[in-house]
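K.L.:
Chains as they are written, first to last, in numbering that gives the first Met the number 0: chain A, 0 to 301; chain B, 0 to 387.
Treat the hints as calculated values from the structure; they're not laboratory data.
Among the clues, some could well be false.
What the hints assert, rightly or not - Derived lysine-lysine pairs resembling DSS-like cross-links, with alpha carbons at most 25 Å apart:
no.: 1; chain 1: A; residue 1: K148; chain 2: B; residue 2: K308
no.: 2; chain 1: B; residue 1: K378; chain 2: B; residue 2: K310
no.: 3; chain 1: A; residue 1: K197; chain 2: A; residue 2: K228
no.: 4; chain 1: B; residue 1: K322; chain 2: B; residue 2: K308
no.: 5; chain 1: A; residue 1: K108; chain 2: B; residue 2: K181
no.: 6; chain 1: B; residue 1: K322; chain 2: A; residue 2: K241
no.: 7; chain 1: B; residue 1: K207; chain 2: B; residue 2: K226
no.: 8; chain 1: A; residue 1: K241; chain 2: B; residue 2: K308
no.: 9; chain 1: B; residue 1: K298; chain 2: A; residue 2: K108
no.: 10; chain 1: B; residue 1: K275; chain 2: B; residue 2: K322
no.: 11; chain 1: A; residue 1: K149; chain 2: B; residue 2: K310
no.: 12; chain 1: A; residue 1: K241; chain 2: B; residue 2: K60
no.: 13; chain 1: A; residue 1: K148; chain 2: B; residue 2: K322
no.: 14; chain 1: A; residue 1: K42; chain 2: A; residue 2: K108
no.: 15; chain 1: A; residue 1: K232; chain 2: A; residue 2: K203
no.: 16; chain 1: A; residue 1: K241; chain 2: B; residue 2: K310
no.: 17; chain 1: B; residue 1: K275; chain 2: A; residue 2: K241
no.: 18; chain 1: B; residue 1: K244; chain 2: A; residue 2: K241
No experiment lies behind these values; they were computed from the predicted model shown.
Single-letter residue listing:
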Amino acid sequence: MSILLDKKTRLLVHGMTGAQGSFHAGQCIEYGSNVVAGMTPGKGGTRHLDRPVFDTVKEAVAGTGADASLIFVPPPFAADSILEAAEAGIKVIIAITEGVPVMDMVRVKDRLRRLELEGRGTVLVGPNCPGVITPGECKAGIMPGYIHKKGGIGVVSRSGTLTYEAVWQLTRLGLGQSTVVGIGGDPVQGMNFVDVLKLFQADKRTEAVVMIGEIGGSAEEDAAAFIRKNMTKPVFSFVAGKTAPPGRRMGHAGAIVEGTAGTHASKVAALERAGVTVVENLSNIGETVASRLKKKAKAVRK
Amino acid sequence: MKLLEYEGKELFQLYGIPVQPSCGVVRIGDDPDAMVLEGPGPWVVKAQVLAGGRGKAGGIKIARTKEEARALTRGMLGMKLTTHQTHGTALTVEEVLVVQACEPEREMYLSVVLDRRSASLMIVASAEGGVSIEELAHTRPELVIKMPVDADRGLLDFQARELAFALKIPRALFTDFIAAAKNMVRLFTGHDASLVEINPLVVTRDGKLTALDAKVVTDDNALFRHKDLAARPDHESSEIELEAKAIGINYIGLDGDIGCMVNGAGLAMATLDTVKLAGGSAANFLDVGGGASVDQITKAFQIILKDAKVKAVLVNIFGGIMKCDNIARGVAEAVKKVKLRVPLIVRLEGTNVEEGKQLLKDSGIRLEQADSLWEAAQKAVAAADGGR
């Protein structure tokens, strides 16, 4: 098992005929993801990357049975594209686009909440994220596929290359991943840490979770509260931005310490109180997970 | 983007939020004598910098006469201002706002914020104004009112009324207050703000409601639909930061001496943390972008080296889609182009890493390579210490 994506996932790529969409859709296909179609308004009826292209998501769903969307639409149109997928009944929406206005996301979240109340709920990952990969089954995003390995560690992260760093450390130590989810670095986003942790806790293949956080907001504190009450699987965490100056946004719009909120210290304290193993040195993530799981395995054998 | 007080007040006027009449903004190089001081006085002379706590730091002064207003303005221009919010650095006052003073009877706090947890707007208010709302939330949370607001419908009448009662607004000012509060939400959604704050909002002795200060932060991602905001200068970024921004590089100057070039914001932040853990201090945050092309790498080197404090450069790139051999070629080419004079430490990881490392080794450039970020950070700290 895995979460969000597996080999049965039928992927629709929004903006597949654009430069970014085309390149990354190609990479996903090469990895073995089941990309069934592309969607670009005005390009319906053509073919791209040997896949049919549709004008609307509705037509793509009807024509190919697509059940997951991967969005590469430019920022001014990204929110609309997310809603189009949600209304068409797509169950997992992954928005890669960086630079979506926050107010647009506030409205998207509002609409998604209403759809859920109507029993037409959908799951959104992103925007401004590297995407989701279930190693060996489906890659829906811009991450390099080969650094991953099929296995039992669930990874969830607010950052892109920082995730690759952690995943690569795990892979080189022989620790494969069940699913790796990049939730993105924006202040208003789809799934948060808690949403993903819930899925990992329920997923049979996932044995342990690595959670990569960063300064700003309260997602890590919320995750800590959830872990304390509900997680039986071991959780490891790294929180970036310990040395970031207050008041300056470090790249991600969400990564900003304002006053006493969102500091590194508050996040680490909350996570440690919840029993999470917090790794201080980024280079030690893989080793920490490996040694802790080995100890656990020994204890179980005894 | 953070707006200065007078810029925020311009938006307030656009949306019908009452402010004190302005006598104008005087900039360095302008003649304060040319200012038309209307009204009987007194006037308030206010340094326009992006930091709270201006009053205590001497950035807000009362002038009884027109002569005094001009003299205070002259004295404030070019002044260095350090407040509890500037984190030890002094801000130069480049613009001064002069407004007609009023006599406040009561001060309140009113703001519209983005509540990340609920992904919606929220009004934060308190009958206690003029103080730090954060401190108040910490020490007397019962005095802070929080009210969720629907982005599409705005602040509803009954919500605004509830607020007015809670803030003990005089009956005669109810209509004015309700309009002002609703207009603050309209400004927030209409101009894609992430914060609209009035601290203090006052009731004057002559029975008027007016915003004495204006703090507005807008969402950079939405600048494409706000030409008026996009045309405003960025007051927050330094010259190097602006230059970097113009070429698509995310750069923030810091106090240390190790220049850092990293791909991806999260990894860049973690790199600064690792440098600190190794006993050093980074000169900058720099995200060269996920792709890290030769052109971007060259430009990034040029930006980093503009900072004279830099004694060593640490390059930490995780090659994913962009393979390490290509990145190595880019680094080699860029180093030759910029004639690098400080020690260079490169840590490459990811796709084709062995080819990349070999390429760097064969390039003839003086540099040290590292296998892990930790090793790279330690080497960079040692190199910077050697150059001290």
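K.L.:
None of the hints should be skipped; say for each whether it holds.
P.N.:
Structure-based check of each hint:
1. A:K148 with B:K308: Measuring from Cα to Cα gives roughly 42 Å; hence the hint is violated.
2. B:K378 with B:K310: Roughly 12 Å between the alpha carbons, so the hint for K378 (chain B) and K310 (chain B) holds.
3. A:K197 with A:K228: holds (11 Å)
4. B:K322 with B:K308: With a Cα-Cα distance of about 31 Å, the restraint between K322 (chain B) and K308 (chain B) is violated, given a limit of 25 Å.
5. A:K108 with B:K181: Given pair K108 (chain A), K181 (chain B) holds - Cα atoms ~22 Å apart, limit 25 Å.
6. B:K322 with A:K241: It is violated: about 29 Å lies between the C-alpha atoms, which goes past 25 Å.
7. B:K207 with B:K226: violated (33 Å)
8. A:K241 with B:K308: OK: K241 (chain A) and K308 (chain B) at ~22 Å, within 25 Å.
9. B:K298 with A:K108: violated (38 Å)
10. B:K275 with B:K322: With a Cα-Cα distance of about 28 Å, the restraint between K275 (chain B) and K322 (chain B) is violated, given a limit of 25 Å.
11. A:K149 with B:K310: With a Cα-Cα distance of about 43 Å, the restraint between K149 (chain A) and K310 (chain B) is violated, given a limit of 25 Å.
12. A:K241 with B:K60: Violated: K241 (chain A) and K60 (chain B) sit about 38 Å apart, past 25 Å.
13. A:K148 with B:K322: holds (19 Å)
14. A:K42 with A:K108: violated (28 Å)
15. A:K232 with A:K203: holds (11 Å)
16. A:K241 with B:K310: Holds: K241 (chain A) and K310 (chain B) sit about 23 Å apart, inside 25 Å.
17. B:K275 with A:K241: holds (9 Å)
18. B:K244 with A:K241: holds (24 Å)
Going through the hint list in order, the structure does not satisfy hints 1, 4, 6, 7, 9, 10, 11, 12 and 14.
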